[in-house]
Amino acid sequence: MGKHESYARTPVGKKWSYTSSFHYDLTPTEKLLKYSNFIFSFAITLFGISLGVVSVYIDEESQEYILFIGKTNLTGLKLLMGAGAALALLGGLGLLTTIRLNRKLMLFYVSVTFVSIIVQGAGVGIAMEQIDTIKTGVNSTFYEMFKYYADYNFEENSTLPIDYIQKTLECCGLRSGWGDWNRTAGYAEEWIKTHTVDTPDSCCVEGKISTHCGFGQATPLADEDDRIVYTEGCIDKFYGWIDGKVSSVVIIAIANFVAQLTSAVFLFILRLSMKTITF
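Counted from 1, the sequence shown has number 468 at position 131 by my numbering; the numbering is strictly sequential.
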């Protein structure tokens with residue numbers, strides 16, 4: 338890095354005053370570090386915005402399955418929205434730091450970034466435990482709803498939610514598909530009182546749904562080509578839905594981790610190369 342001193346003649350009242358200023362030329366390596374950090378800081382901002390948008394989308398979609406997930410388990414999504422906003426601000430700070438190249442600001446940014454990485458790592462660990470808790474709760478909820486399906490007193494909290502999820506996730510039963518609805522399985526205690534080998538009509542595949550389309554579908558058929566209900570259980574389908582949402586967040590988190598770590602390291606190296614300069 339080269340240092341050049343120049344003087345400027347400026348009027349002060351009726352007199353002239355001479356002031357000096359310094360201009361520093363970055364070496365090619367330092368320029369590479371600077372512009373690379375600018376790109377990574379911009380990426381962090383985008384990842385922060387993306388995390389916020391994805392969190393809002395997941396939160397809205399989760400409202401459709403709120404009885405299965407539980408309201409309290411959606412608190413983590415609010416934290417993700419806040420984390421997205423924080424990352425966007427951190428990326429903005431990185432951009433400002435790259436433009437200004439102030440050594441104190443650079444040290445502050447590097448420190449904040451490393452703290453952010455540590456906090457995010459702890460957050461990921463907590464989130465993974467929370468996901469397991471949610472899945473355990475979902476499993477219990479499914480079996481409880483199944484038990485009271487077709488009971489008039491539990492229509493809002495059992496029958497309608499099960500019908501909705503079988504239609505939207507294109508599934509049938511708990512884990513074994515249509516077989517979970519027959520008397521042998523015994524899971525749907527209310528349902529099997531009047532339906533021994535039938536599935537609810539909500540199990541029928543798209544295009545085949547009609548009144549009593551599930552008649553005789555909860556038992557082995559002589560010709561499985563006559564099967565017009567979904568064969569995959571809803572619990573595994575729902576787990577897949579959860580895993581899909583988690584995967585989208587994890588992808589953003591990993592990409593952001595790489596961008597943050599690289600940005601902090603690059604800026605720290607650049608700061609070291611400027612250690613003899615104070616401005």
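No wet-lab data here; the hints were simulated from the structure.
Predicted, not measured: the structure shown is a model, and the values here were computed from it.
It is possible that some hints are incorrect.
Claimed, not checked - As a list, the in silico SDA-like pairs of lysine to any residue whose alpha-carbon atoms are at most 20 Å apart:
#  : residue 1 : residue 2
1  : Lys545    : Lys530
2  : Lys574    : Lys530
3  : Lys574    : Asn439
4  : Lys530    : Thr556
5  : Lys368    : Gly474
6  : Lys371    : Glu481
7  : Lys504    : Lys441
8  : Lys484    : Tyr524
9  : Lys574    : Glu507
10 : Lys368    : Leu609
11 : Lys484    : Arg520
12 : Lys472    : Trp578
13 : Lys504    : Leu430
14 : Lys472    : Thr556
Hints violated by the structure (listed by number, smallest first): Numbers 1, 2, 3, 5, 6, 7, 13, 14, in rising order.
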